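Novice: Assemble the whole structure, with the sequences as input and the hints as a guide.
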Amino acid sequence: MKNRTRIGSLLLAFAALLAALPAGALASSPKLSIRASTLTPAYSLSISDYTVRCDSAVAVSVSAPSGTKVGLDGAVARSGQFTRDIALAPGQAFRIRVVAGTTRPAQTVRCLPSDFPLWQVEKRSSTKASWYMFSPDLRLGGGNMPLVGEPYAVVANGDGVPVWWLRDPNAAPMDVKLVGSKQIAWSLFGYNTPTYIRNLDGAVARKLRPVDAIADFHEAMAPTADGGYLLLGEVPRDCPAVQAECVDLSPWGGPPNSSILDNVIQKFDRKGRLVWSWSTRGHIAVSESARWIPHWSGAVGPRLFGNGQLAYDVFHINSVADNGDGVVFSARHLDAAYRIIKSSGKVDWKFGGTPRAQSLKTKPDPGRFSGPHDLSVLKDGTMTLLDNSSFLGRGPRALRFSVGSRTARVVETVADSRVVASLCCGSAQRMPGGNWVMTSGSGSNWVTELTASGRPVLTLTMPNGLFTYRVDAIEPGRLSAAALRAGMDAQAPR
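Just so we're aligned, residue 59 is where the sequence shown starts under the numbering used here, counting upward by one.
Derived lysine-lysine pairs resembling BS3-like cross-links, with alpha carbons at most 30 Å apart:
no.: 1; residue 1: Lys89; residue 2: Lys127
no.: 2; residue 1: Lys419; residue 2: Lys400
no.: 3; residue 1: Lys186; residue 2: Lys240
no.: 4; residue 1: Lys240; residue 2: Lys437
no.: 5; residue 1: Lys437; residue 2: Lys265
no.: 6; residue 1: Lys421; residue 2: Lys186
no.: 7; residue 1: Lys329; residue 2: Lys400
no.: 8; residue 1: Lys437; residue 2: Lys421
no.: 9; residue 1: Lys421; residue 2: Lys404
no.: 10; residue 1: Lys240; residue 2: Lys329
no.: 11; residue 1: Lys404; residue 2: Lys419
no.: 12; residue 1: Lys437; residue 2: Lys181
no.: 13; residue 1: Lys419; residue 2: Lys437
no.: 14; residue 1: Lys404; residue 2: Lys329
no.: 15; residue 1: Lys400; residue 2: Lys437
no.: 16; residue 1: Lys329; residue 2: Lys265
no.: 17; residue 1: Lys437; residue 2: Lys404
no.: 18; residue 1: Lys400; residue 2: Lys265
no.: 19; residue 1: Lys186; residue 2: Lys437
no.: 20; residue 1: Lys400; residue 2: Lys421
no.: 21; residue 1: Lys240; residue 2: Lys265
no.: 22; residue 1: Lys181; residue 2: Lys240
no.: 23; residue 1: Lys437; residue 2: Lys329
no.: 24; residue 1: Lys181; residue 2: Lys89
Rather than coming from a laboratory, the hints here were simulated on the basis of the structure. The structure presented is a predicted model; accordingly, all values stated were derived computationally and were not measured.
Specialist: Here's what the structure looks like:
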């Protein structure tokens, strides 16, 4: 009883002390403040990485209350108010070290190049992805084709802050993706451009090309379970020089006597030796592209190749993935996903598009696909696909489906309600934990992570009409922040 009385007396005394304080005294207690004119995002103890512009020395102002010390760029940590000018070149960084009882992990502030396209960040809750790899590689333009964007490959963290980047000296990167845990690969937007695999310090580790085919930039490379990789390529038919190579497209609204592109998929072993090759020729009929023929033969027209040859893009394979004894791919102009048996080269199944003998039944019926992209195989064996829904009067959607007993069962559908249409491009990746990381291609100028119900948790909105062809979302544990920072420090040493 005496203890209760004593505790009660202490509580009353504490309440009286609080009441005696001036109004707002608690709210106005000093807090740590670190500012710079272009510091992005605003400083917080909970945020690890920041960017600044550095056209001139970066003036960093600190207000550290008693008991808290701050060290800037290797200087001795101290309390109080002070300002320091720090000279940086693009890519270079300084560190902030905060000591408040214990020393916290250093925070990194890195200078952006003057032409780096800095996006807007809206974060509503925590993300499932630790990193987002992409490039603002395309730009919304008039007509039916996107325009080339900016030549940066980027890795942003869960706060949307770019932690690593590289300005490609050749062209805009496409399909930026993690290889292993310390390398990044991308193809280049353009004619017959190779895929580069780079170390985090920017050095080229490997350069990949298909054999006897024009390199296709849509898929940089797709790793295989045995340590090899898949590449896409294109082979234009030699028409009209060889009349037997010509294709009559007039039954579907195209021109007669046409040259078309055959798409090829090639598998290489870990030493870069070609071990398997497959072509659409002899396996997929031109009639399976019937719905798209008036579009690409009319408004878009044939593609001009570096040798001066024109050819129609009939099939337009845009993603490929290893799948045991087969490979799977998506094809924009076939409105479908396919599985090919490696040993025979035959079509195992087809999901979507015009019917053929190998077409799967669907439960429930997802309706028509149009212009799909980014077919992926998950660890549980299900697959994901971005259906752009081009020209169908609806926004794009992501689907997850399983295949068995000649039936595709759609087990999940997710859409970003902010996007009303998408002509091309884009990706949809399901994360462990159920969130989806999506870019809707030409349908929006953002990269976003959504919940399974389609609610945005993070949105990175690109400036100046830029958008992203594909994003590779990296789950926790696959990529080290320290390795990314060290790679940037190696690119731009101080």
